[in-house]
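Colleague: Its first residue numbered 615, the sequence shown is counted upward by one per residue in this note's numbering.
Hints are computed from structural coordinates only; laboratory data are not their basis.
Just so you know, not all the hints are guaranteed correct.
[Stated by the list, open to error] Estimated spans, in silico, between C-beta atoms of each pair: (1) 798 / 645: 53 to 63 Å; (2) 650 / 799: 42 to 52 Å; (3) 809 / 639: 23 to 33 Å; (4) 634 / 678: 15 to 25 Å; (5) 638 / 718: 25 to 35 Å; (6) 823 / 634: 50 to 60 Å; (7) 684 / 790: 43 to 53 Å; (8) 776 / 796: 16 to 26 Å; (9) 801 / 822: 28 to 38 Å.
Don't be surprised by glycine CBs; every beta carbon is placed ideally from N, CA and C.
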Amino acid sequence: MTKPFAFAGRVSTEDQQDPVASRNWQLNRAQALIEPVGGVIVAEYFDIAQTRALPWKRRPRSAALLDALKDPNRGFDAVVIGEPQRAFYGNQFGLTYPVFVHYGVEMWVPEVGGAIDPESEAHDLVMSVFGGMSKAERQRIKVRVRAAMTAQAKIEGRYLGGRPPYGYRLADAGPHPNPAKAADGRRLHRLEPDPVTAPVVAQIFADYLSGTGIHASPSA
Numbered sequence: 615m616t617k618p619f620a621f622a623g624r625v626s627t628e629d630q631q632d633p634v635a636s637r638n639w640q641l642n643r644a645q646a647l648i649e650p651v652g653g654v655i656v657a658e659y660f661d662i663a664q665t666r667a668l669p670w671k672r673r674p675r676s677a678a679l680l681d682a683l684k685d686p687n688r689g690f691d692a693v694v695i696g697e698p699q700r701a702f703y704g705n706q707f708g709l710t711y712p713v714f715v716h717y718g719v720e721m722w723v724p725e726v727g728g729a730i731d732p733e734s735e736a737h738d739l740v741m742s743v744f745g746g747m748s749k750a751e752r753q754r755i756k757v758r759v760r761a762a763m764t765a766q767a768k769i770e771g772r773y774l775g776g777r778p779p780y781g782y783r784l785a786d787a788g789p790h791p792n793p794a795k796a797a798d799g800r801r802l803h804r805l806e807p808d809p810v811t812a813p814v815v816a817q818i819f820a821d822y823l824s825g826t827g828i829h830a831s832p833s834a
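Using the sequences provided together with the hints, build the complete structure.
Modeller: In structure tokens, the structure reads:
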């Protein structure tokens with residue numbers, strides 16, 4: 615006898631992963647959990663390019679899953695999540711799981727070896743820990759990204775995006791060091807003085823240093 619499941623997952627740009635590859639390994643992990651009990655995935659709710667910090671109601675596919683729980687003809691009896699750290703952030707599990715319990719839909723995760731027991735303090739603790747780990751991981755990613763960007767700008771002279779400041783223009787700085795991005799034609803950029811606007815900036819500073827400007831005292 616088969617048991618119908620919905621599969622839920624998430625990947626975002628902050629995870630620095632290929633969405634297809636990330637979906638596949640999360641799906642494989644979910645299938646390995648439910649296949650011994652005759653589980654078959656009949657629906658999929660996988661969010662792409664959605665940060666884990668967003669609550670489920672603000673992630674398109676997760677929000678659709680929450681809406682599906684209300685439908686008695688939804689077509690599945692349980693939801694399997696391949697990677698809870700990607701699904702839940704901070705206290706999101708504590709806010710989301712009661713909705714599943716209310717509509718009588720089981721939630722399965724590999725970390726507890728099957729369905730989460732709403733009466734189990736141990737299961738609740740495990741999921742809370744993963745939510746905390748997810749939050750800590752996101753903070754570490756932010757720190758690493760910011761540190762890397764600072765080093766790239768300071769040491770390598772890269773310009774990392776946005777409109778160049780007045781007086782500068784973008785210049786080519788060679789192929790991207792990441793082979794995959796270089797193969798796609800991605801290149802690095804740096805700032806160089808703009809021959810048209812740079813003299814204007816130099817003149818502004820020269821005038822300021824000489825005491826000339828809108829706030830300068832009128833000459834006697």
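Colleague: State for each hint whether it applies.
Modeller: Hint check:
1. The hinted window of 53 to 63 Å between residue 798 and residue 645 is violated, with their beta carbons roughly 32 Å apart.
2. For the hinted restraint 42 to 52 Å between residue 650 and residue 799, the CB-CB distance of approximately 46 Å keeps it satisfied.
3. A C-beta distance of roughly 51 Å is found between residue 809 and residue 639, which places it outside the suggested range of 23 to 33 Å.
4. Taking the beta carbon of each, residue 634 and residue 678 are about 20 Å apart, inside 15 to 25 Å as hinted.
5. Taking the beta carbon of each, residue 638 and residue 718 are about 30 Å apart, inside 25 to 35 Å as hinted.
6. A C-beta distance of roughly 57 Å is found between residue 823 and residue 634, which places it inside the suggested range of 50 to 60 Å.
7. Separation of residue 684 from residue 790 is about 47 Å and conforms to the stated range, judged on CB atoms against 43 to 53 Å.
8. Under the hint 16 to 26 Å, the C-beta atoms of residue 776 and residue 796, about 22 Å apart, fit the expected range.
9. As the Cβ distance of residue 801 to residue 822 is approximately 36 Å, the hint placing it in 28 to 38 Å holds.
Of the numbered hints listed earlier, those contradicted by the structure are 1, 3.
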